[in-house]
Amino acid sequence: MKIRFTFIFIIIYLISVQVYSQKTSTIKGKIFNSKSNDAITNANVAVANSNKGTSSDRKGFFELRIAEGKYKLRVSSVGFESREISLDVVSGDNDFLEVGLQPLSKEIEKVDVLGNFPIQGRDTSINKVALSILPAITTVSKVDIEKQGAVTLSDALKYVPGGWTETRGRKSKQFFSVRGQKYPYPDYSIDGVWQKEFEETAYFLSALDIESVEIVRSSNALAKGLSGLTGVIEVKTKKPEKETVSLLAKYGENNNYVTSLQYGNKIKELSFNTSASFFGTDGIPDRNGKERISNFHGNMDWDISKNLSLKAGVTYISGMREFVAIVDPGLSKLATREEKFDPVHTWVTYAKLSYKGNDGSQTDLQANYSYRDANYQNYNLKNETTSTHHDKDSEFGLNILHSRPLSTTNTLRVGALYNHWVAPDGKRYYAGRRCDVHTWSGVITDEQKFGSLLLDAGFRLIGGHIDEWGGFGIEGSSSGFSSVASIVDEASPIEWQSTFGGSYVLSKATSLHYNFSGGSVAPRKGSLNADGETPGNETRFQHELGFRYKCSKNNEFTASAFYAKRNDAIGLSGETVVADNDDIVELYENIDKNTLGVELATKLNIPVLYSSVFANAVFMKNQEKEDGDMVEDKELPQTILNAGVQYEHSGIDANLFVHYTGKYHNNRFVNTTWVEENGDYPLGDYLLLDFTGGYTFSGKLPVRLFVEVKNILDDKYESVACYPDAGRLFMVGVKLSY
Numbered sequence: 095m096k097i098r099f100t101f102i103f104i105i106i107y108l109i110s111v112q113v114y115s116q117k118t119s120t121i122k123g124k125i126f127n128s129k130s131n132d133a134i135t136n137a138n139v140a141v142a143n144s145n146k147g148t149s150s151d152r153k154g155f156f157e158l159r160i161a162e163g164k165y166k167l168r169v170s171s172v173g174f175e176s177r178e179i180s181l182d183v184v185s186g187d188n189d190f191l192e193v194g195l196q197p198l199s200k201e202i203e204k205v206d207v208l209g210n211f212p213i214q215g216r217d218t219s220i221n222k223v224a225l226s227i228l229p230a231i232t233t234v235s236k237v238d239i240e241k242q243g244a245v246t247l248s249d250a251l252k253y254v255p256g257g258w259t260e261t262r263g264r265k266s267k268q269f270f271s272v273r274g275q276k277y278p279y280p281d282y283s284i285d286g287v288w289q290k291e292f293e294e295t296a297y298f299l300s301a302l303d304i305e306s307v308e309i310v311r312s313s314n315a316l317a318k319g320l321s322g323l324t325g326v327i328e329v330k331t332k333k334p335e336k337e338t339v340s341l342l343a344k345y346g347e348n349n350n351y352v353t354s355l356q357y358g359n360k361i362k363e364l365s366f367n368t369s370a371s372f373f374g375t376d377g378i379p380d381r382n383g384k385e386r387i388s389n390f391h392g393n394m395d396w397d398i399s400k401n402l403s404l405k406a407g408v409t410y411i412s413g414m415r416e417f418v419a420i421v422d423p424g425l426s427k428l429a430t431r432e433e434k435f436d437p438v439h440t441w442v443t444y445a446k447l448s449y450k451g452n453d454g455s456q457t458d459l460q461a462n463y464s465y466r467d468a469n470y471q472n473y474n475l476k477n478e479t480t481s482t483h484h485d486k487d488s489e490f491g492l493n494i495l496h497s498r499p500l501s502t503t504n505t506l507r508v509g510a511l512y513n514h515w516v517a518p519d520g521k522r523y524y525a526g527r528r529c530d531v532h533t534w535s536g537v538i539t540d541e542q543k544f545g546s547l548l549l550d551a552g553f554r555l556i557g558g559h560i561d562e563w564g565g566f567g568i569e570g571s572s573s574g575f576s577s578v579a580s581i582v583d584e585a586s587p588i589e590w591q592s593t594f595g596g597s598y599v600l601s602k603a604t605s606l607h608y609n610f611s612g613g614s615v616a617p618r619k620g621s622l623n624a625d626g627e628t629p630g631n632e633t634r635f636q637h638e639l640g641f642r643y644k645c646s647k648n649n650e651f652t653a654s655a656f657y658a659k660r661n662d663a664i665g666l667s668g669e670t671v672v673a674d675n676d677d678i679v680e681l682y683e684n685i686d687k688n689t690l691g692v693e694l695a696t697k698l699n700i701p702v703l704y705s706s707v708f709a710n711a712v713f714m715k716n717q718e719k720e721d722g723d724m725v726e727d728k729e730l731p732q733t734i735l736n737a738g739v740q741y742e743h744s745g746i747d748a749n750l751f752v753h754y755t756g757k758y759h760n761n762r763f764v765n766t767t768w769v770e771e772n773g774d775y776p777l778g779d780y781l782l783l784d785f786t787g788g789y790t791f792s793g794k795l796p797v798r799l800f801v802e803v804k805n806i807l808d809d810k811y812e813s814v815a816c817y818p819d820a821g822r823l824f825m826v827g828v829k830l831s832y
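If you're matching positions, the sequence shown starts at 95 in my numbering and goes up one per residue.
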């Protein structure tokens, strides 16, 4: 461990030496309203094709330290037209910049300002997150995605505070959760449109089509989706403000490759973006894992009139993926298999029509349709036989949302949702048994301001109807389960979720936040316990108290304490049975659990070093009931740490990322004989270092040449038993942008 941290120190030191060898200058200026001449506070001042920038203070003034050279500054602020300024920086010889921004002629969405916290772009008025969970929101920008070398949406979540990804060799899903809260896992939404079964798509979806990812790590995500008790992941697609073209290609060991071509433009009131992305690998030597994935994406934003706008998008994914093989002491049933999806076809479409009334109200009509068809193939090495079936499902959703100001300090939001999900031939664990489920839900939330205090509350009710459900019905496959039959024409269990929160402004830069959430969680339809019965509903209550500091230079610090009490929590029991198709079906149980934790996160810009630094940490105490007493839950890590240093100057960028997950245990997929002889299977306790660095040649067509090194320490860590990581990976690449 000492050697590892010495390695980190050396890299940071070398970056610092490079910094002081450059000639720099300080650019000063003022941003103002070109019509009224009033100063514009918190205007963004960014250097084009970099992650360097600053913002104006309350008097409109800004300072930006930058190296000699030619640049383009992009200046923007909510409610004003953006400007781009050409700049020739010469050390010791720079004029004071006065930048006037033209106010937009059309009305803009309502913006809440909490001290120095402008809360902008939080989806639509109905979907925006309550201010009481502001400290528990993380945004991963497109710059972060690029510098981290993320390929898929799942990759982009790697350094989220409290984020924990369990990877079973990229087998069928990559399970992402926050603060150890799972079952259910967090929901996903795209441009504010909720998706039901998206966790099966996230690890196929190209991250290069994403403008940003907003992760609500708290439980109070009520208005955004149906799993508000575990958090929500909001994906925002790119929205060009002018004509843009980019080409990316990178290549590395084991024939790892990524290519992407994107084109976007804005023509009058219509903005659109299109892309084609391809990525693949030959897998891990002697462990399979070959994949060839294609993504084709398009999205548009159209301001039809002053009051009416339309946002829509479509993504098509096609390709194949071999499942990575298990290693000793993994289950022999899995060791004799060669599994893959070949081919995979996925369509994801959505549309959102928004109408803004002159009285400040807003109504959104959202619709989405998704279709997934993966041809699952399982070759049995022992019997030399192959079994196949189509892992096929589709969903259609409709959501209407309305927001109305009841007064200047009170806003009411109501919504209703319907979703129809069908797997006509069943899914992989329960092939041949149809699943057809309707879900509906209603939500109401309210926000009330009292000066520096803002209160919010909400309630959601979830129900539905099961036309047919054969999931995990394993008739004839195991003693004690022969009577399990499909569910036909039954009402779904009723679930409820409630929230209450408050935010208080202490100063222009600081605020306190508290939120409570509580509700019920129904087991996934078709889940079975060891007695062949459906587990009971879980009841969950959660509290969170947070502090946030953010200054005008975008330096930020947040601290949160959280507590979750889960009565009859739904979780995997560790027991399995064998289904008719020889697949292994995991069984569930109800058991009381609780989690007490602290989360710390900071972001710091260091202009003198041309650098930015981030760090976050989550420390948790997880317990579960055993023989009437609360004992340590060893299947959850107690510590998750992330840190990063990002440097950019004179065309050079260097980015170092660190991730640590603490110890935990899990015996899933481990031979019972090994467990009996050795005890619980150890997982976690791994330190990962990733590095990306490059040089950008400036000009009319900027070109960035770069190198990426994943898992520098070559740690063969495991997040799921008997599925070790592939180890160190080197890649080189080039990106052209216009």
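Hint data in this document are derived by calculation from the structure and do not stem from the laboratory.
Any given hint could be a false lead.
[Said to hold, decoys possible] Once the Cα atoms are required to be at most 27 Å apart in a straight line, the calculated BS3-like pairs of lysine-lysine come out as:
hint: 1; residue 1: K659; residue 2: K344
hint: 2; residue 1: K659; residue 2: K602
hint: 3; residue 1: K344; residue 2: K252
hint: 4; residue 1: K330; residue 2: K400
hint: 5; residue 1: K333; residue 2: K360
hint: 6; residue 1: K810; residue 2: K252
hint: 7; residue 1: K829; residue 2: K124
hint: 8; residue 1: K697; residue 2: K659
hint: 9; residue 1: K476; residue 2: K384
hint: 10; residue 1: K794; residue 2: K276
hint: 11; residue 1: K129; residue 2: K236
hint: 12; residue 1: K164; residue 2: K719
hint: 13; residue 1: K644; residue 2: K543
Do the hints match the structure? See the list:
Simply put, K659 and K344 have alpha-carbon atoms about 46 Å apart, too far for the 27 Å limit, and the pair is violated. A distance of roughly 34 Å separates the Cα atoms of K659 and K602; the hinted pair therefore is violated under the 27 Å criterion. Taking the CA atoms of K344 and K252, the gap is about 20 Å. The hint holds against a cut of 27 Å. At roughly 23 Å between alpha-carbon atoms, K330 and K400 fall within 27 Å of each other, so this suggested pair holds.
For the proposed pair K333 and K360, the alpha carbon gap of about 8 Å is at most 27 Å, so the pair holds. Taken as a hint, the K810 and K252 pair is honoured in the structure, with Cα atoms around 17 Å apart against an allowance of 27 Å. The suggested pairing of K829 with K124 is violated, with an alpha-carbon distance near 33 Å, which exceeds 27 Å. Between K697 and K659 the CA atoms are separated by roughly 30 Å; this puts the pair beyond 27 Å, and the hint is violated.
The suggested pairing of K476 with K384 holds, with an alpha-carbon distance near 22 Å, which does not exceed 27 Å. Only pairs whose Cα atoms come within 27 Å are accepted, and K794 paired with K276 is rejected, the gap being roughly 48 Å. For the hint linking K129 to K236, the alpha-carbon distance of about 33 Å lies beyond 27 Å, and the restraint is violated. The straight-line distance between the Cα atoms of K164 and K719 is roughly 64 Å, outside the 27 Å bound, and the hint therefore fails.
Between the alpha carbons of K644 and K543 the distance comes to roughly 21 Å, so the proposed pair stays at or under 27 Å and holds.
The structure fails to meet hints 1, 2, 7, 8, 10, 11, 12 from the earlier list, while all remaining hints are met.
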